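A.B. asks: Each chain, written out:
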Amino acid sequence: MIGVNEAEEISSKQKQISISEFFEKNKHFLGFDTLPRAIITAVKESVDNSLDACEEARILPDIRVEIRRTKGDELELITQDNGPGIPRDAIENVFGKFLLGSRFHAIRQTRGQQGIGITGVVMYSQLTTGSKTHVVSKIRSDSSAVYVDLGVDTKKNKAIKSGEKRDIWIDEKSGEEVSHGLRIKTNMKAKYQRGKKSVFQYLRMTSIVNPHASISLTVFDKEGLIVEEGHWIRTSNKLPRVVEEIKPHPHGIQLGTLQRMLREATDRRMTSFLKHNFSGVSPRAAKEILEMAEVEESRTPKRIKSEEAKEMISAFKTVKLLKPPMDCLSPIEDLLIKKGLSKAIDSRFASTVTRNPSVSEGNPFQIEVGLVFGGDLTADGPIEILRFANRVPLMYQQGGCLLTKALEAVNWKSYGLEQPGGSGIPKGPAAVLVHLASTNVQFTSEAKEAVSYNEEVFDEIRKAMLEVGRGLKNHLKKSSQRQKAKEKFELVNIILPEISKKSSELLGREEPDLAPVITQIMNAVFLEEILSWDKERRLSMCSISIHNYTARARAYTILAKWPESMETSMEFNPRGGRKEARGLWAWRLDTLDPGTSTLLEFGISGLSKGDWNEADIFFRGNGEIIGATKMDESLLEEQRKAEALEAAVEEVRMKGAASIEIASTYDNANRDLQSREEDGMDGNNSDDSPNTDWFGMEGDEQ
Amino acid sequence: MSASPRKSRKEVVESLHEVAAEMHNRMQRGEPPRMTLPVRSKSNISFDNKLGVFKYGKSKTVRDATKLGSARQLLRTLHITEFIEEMIDGGKSSTLREMYYISEGWGNGKFGSQNESNNLAEDLEIVTKCLREDFRLRPEEDGARIIGNITVEEKNRRGDWMRINCRDDVGDSGYGVPYNVEEEKLRLVDEDIDFIMAIETGGMFDRLIENGFDEESRCALIHLKGQPARSTRRIMRRISDEWKKPVVVFTDCDPWSFRIFASIAYGAIKTAHISEYLATKEATYLGITADDILAYDLPSDDLSKQDTSALEAELSDPRFNTGWWQEQIKLMQEMGKKAEQQSLAKYGLDFVTDTYLPEKLDAIGLGY
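From first to last, the protein sequence lines are chains Z and U.
Counting with the working numbering, you get residues 1 to 702 for the letters of the first sequence.
Counting with the working numbering, you get residues 1001 to 1368 for the letters of the second sequence.
Extracted from the complex, chain U is given alone in its bound form:
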């Protein structure tokens, strides 16, 4: 079952026109043009019971042309709209970075930085309820790598469907997840696994492969590459939905890794408008937990100043507002320590696959 809310080209253009119309209507009434957006901060995300993920709340912010900065934003938004329409008409797509450079020719509508163009593209997604893919915009960031006994079909450049087994048809770097993992581009065909494990660092991903962990424990391994890209989160969500496989997340033990998990399981603050398509609410945090540092007596580092304030911020982040997370965060604050995944090597290269992971998986009922 696909959760994709795909709109037709016409619908996309119409939604974009609504944005322009809001501005135009206001001007016709003699008022400064404006755009209404949800507030995009942690203060305005809340748990959506129906969807089981965190979504933007009701707080709205108005971007109107009473200040020079906001007026420029509105003008840029109109330029993006025009650009997207042109791409839809011409059957093209572009990267966000390309759009940033194209904006050089937009005169006063030119972007100040790439970050600005990314944010504006997201703003448009939010107000039009379209996806970036509908806008023909794709990110620079690469998607994840997958290794495990699953089979997918990907539509290649020639428009042919290619069948790929992510264990047998790939090299050591695994199957590279494309930026678009929607039905029109990627089909999930077959699997012979018990669960999916998402791994934060490349070092640990390679360690598990070298140790043959995917076959031994009958799982697919996904390398997140830090904060996971949209497509990474989306494909995990699809595997979870379509094959009903549990997702476990294995990261470092530090405040930033907690945020990685939160964005997988509950949705990221920046993309809360599409949490229901990206978040895998069934995902479980496997480790490394603050408890593990003590239980396994892992080598640890002192928390930096930034770490400390990040932890503090997480205490008031609605996504971490559960007894278990509050406990973990507070324990970490007490210890003043953090630990990396690879600190498990203290007990040898095989410790993680022979002892740590089996014990942790056993505890959540995924023992093998």
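Just chain Z, same shape as in the assembly:
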């Protein structure tokens, strides 16, 4: 029998010998199987690296992509970023080795997880054109840039450097010296194509989920004429949050991994091994695991036998463990999704949701969904689906992807989109973005283009879809109400006075008093809100006008939802009023006599232009208001309770006491609320994001 160490040695040798063969055989998985795809993959590897590097170095990325057709089916690709650059001595490693294993131990969300790395590009270039890849790298601390040509020694899995020199790097476009950055120029057999699966689409999608990046693309033909161009500007100066690396959670551990960890462990005792190498294992849980697996606490990890490791794995499943920490995830966050979507797609309405992080098999994950509607989007044909895993666009295998399947499982008809046959991809002028952020994205194949089935992830996506769906439904309902109100206003303000004037003229009579006629025609209270941006005061303004076109005096309390957060405040509010709940303000109005109207204005600071473009207005009082929804007091009560609970949890956390019990109580409270949604009722999503809609729900039932 061959020992484990020997086997590993053999496999590593095999790997080295066959690496170029491996490439050749696995072109398909590596994304170089067809000429049009090769260029997309090359751009993707390069741009993903740039974004990751900038994020780590906390630099707002400026990325430039140039593609030039040189001859027949050969393209030259130049990518340039303003990232930290790569130190001279690391260049060989970055470009010459398959880095499949480099991030293996680190559990956190990265883009680079998904590709074979830039090495693949260097190798593909070499295999198809025999040429070297030219790299220019400048790090801030060096006085000059490194220029080097790279090839790959496929037998040794190593880069071959040549023509290395140092020089000042002057940027071609700006004519200024580059202080830090990376430029790669490479030639490859490839074909530039337009359309749904293109470099353009890849960069467009990338820019949506990276609103902090500025990306440009220029494509030239053989004659040097520009055939395609794209420029996606930065819409946010907020870099994605720095993600923490976390240790693996026992729920996601397989026997082989556990054995390897045991072997490599430096801990002396099993208790400390469990405590130090895993997340979610409290000292008490470590003891319980060992007890259940019948492993003594004092044993040395290295000596644990395979049978004992197996017992431990099953103990992992039984013993109650804490959730893994969630700060290893980097969601885009709903406001930024909105910005990203609106820069790429011209639409009338956007609804976005960032769900709270969740866990599946020990892996933290988080779902975000954005839906845009109307505007330039085409109304016939299926909606556009924009899939992302850890901020990387997924462009192939849409049908086989979990993200698509979860979308198809939603009954979109009830949210105002056409869905022939009641399931499948809905039709209409809409686009849906789905982002799965996870420390371990499971794909259906090595091609890493379709996310494989996972019940928890599926469920979370569905819930997120329902949320944005409700947003859409509210929006559509509002639009139609608004349309009706607009028509009525046109009727009484324009047409009716003309009828009066014309008939009086014809008959030579006095014009009648129209006030009672208008009351008769309208016979309702109308509310109209206008959101605008006050440039001078930098306030998001909301002005609400209310007209009483009934024969009776009316008294109302008007409530408005506003994006309350740490950064925002109710800066301008001459009417006073009071806070009803988080993100909900109320104003008591004076009695509104028949035929009169009133104006209610407030302004919010802390937002930028375009951040707030849909308000929800509610009312308390008798009868109906066209343009506002009657406040559902029971839902409000529920939100207040959830908030009180949350505040209590926060207080305990501040005190640093054992927060576990309370936290789990809070989680349960949350879950209860969420399960209401599943029962088809309108539940509370205790998400504190400003864009989740649940107040308006009762309107749906009417």
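To be clear, the hints were calculated from the coordinates, so they are not data collected in a lab.
None of these values were measured; they are calculated from a predicted model.
Backbone N, C-alpha and C define an ideal beta-carbon position, used for all residues, glycine too.
Heads up, a few of these hints could be off.
Only pairs whose alpha carbons sit at most 20 Å apart, straight line, appear in this in silico EDC-like list of lysine to aspartate or glutamate [to be verified]:
1. K1110/U x D632/Z
2. K501/Z x E1334/U
3. K486/Z x D1064/U
4. K501/Z x E1183/U
5. K501/Z x E1031/U
6. K501/Z x D1302/U
7. K501/Z x E1104/U
8. K1067/U x E633/Z
9. K501/Z x E1098/U
10. K501/Z x D1064/U
Here are the in silico distance ranges between beta carbons for each label pair [stated by the list, open to error]:
11. G595/Z x K1060/U: 51 to 59 Å
12. Y1101/U x D590/Z: 46 to 54 Å
13. K1305/U x K477/Z: 54 to 62 Å
14. K630/Z x N1049/U: 37 to 45 Å
Chain Z is fixed; fit chain U onto it per the hints.
C.D. replies: Coordinates of chain U only, in the frame set by chain Z:
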């Protein structure tokens, strides 16, 4: 004898003012302005025993300013009223299409489509009991062509009366019937015919002329040009009334041709308010009947989907509620076939004049 109910200018203006007054009075009472109209659909036409034609029934519809669309209609109606008054004062007239374009300057009272302006003009006729001619509005559609030994006098542009014999003083296209065929414009002077035959298609009209059918059978031929214009129906009615001549109608055999006949004999749904001036209740449907397709073994086409639903609708149309029509429609439904007038050419160009028409006319006592 003329059935024309002509009103004086003053009466026309007064009737129009009543419409405006209904709106104004309502507003003075604090109510939305409105206009009351008969329902203009087949469900609201019924046979008027006294007049012998189909007229609108009692169902009324209210067009009031509680919806934007209706309010606009009311405003447009007022604009039309003003426009008509101006034309009456200035001694002008205009086509319906001209009025449609003139409405461009009416701001919010502008028409959405020509169809809308036509309908509103008809609405006004109905509520004021005036004729379109009283409003100085004329249609685009051309009137019929007539060939036969009848003599008329038409007042020309110079205001002179011109005497025209519709056989000897006209070319091959016949006498063109003007849009206004009322007494002030057209007089029926003399005739030497036994009956009038109205023909649906131009092809058949020309065939009969080429074959000398009008002289041989002593009739006047009228080309209907599809669904006949008001003036076509009105002149047939006048010939029938003033000269007491039978009218026979010769069309294709399909549901649309049946409707042509119905509008001649019983009145059209759209113009049921003036059926008594337009409809010729004495008109007889000569052919082609569903029976003829079988009897003469005529080449036929399958009924289209639209044909089938049109036939179905005719079964419940009060104008076709006679044993003979019900039978014809049902027979056609059974066969699933329709036939054109010109299918008679199967037996040669002269078959229609030598055999078919003589046989059919004989059967209704008009043999020659």
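A.B. asks: For each hint, tell me whether it holds in the structure or not.
C.D. replies: Consistency of the hints with the structure:
no.	hint	verdict
1	K1110/U x D632/Z	45 Å, violated
2	K501/Z x E1334/U	59 Å, violated
3	K486/Z x D1064/U	18 Å, holds
4	K501/Z x E1183/U	38 Å, violated
5	K501/Z x E1031/U	16 Å, holds
6	K501/Z x D1302/U	57 Å, violated
7	K501/Z x E1104/U	19 Å, holds
8	K1067/U x E633/Z	34 Å, violated
9	K501/Z x E1098/U	25 Å, violated
10	K501/Z x D1064/U	17 Å, holds
11	G595/Z x K1060/U: 51 to 59 Å	32 Å, violated
12	Y1101/U x D590/Z: 46 to 54 Å	52 Å, holds
13	K1305/U x K477/Z: 54 to 62 Å	37 Å, violated
14	K630/Z x N1049/U: 37 to 45 Å	58 Å, violated
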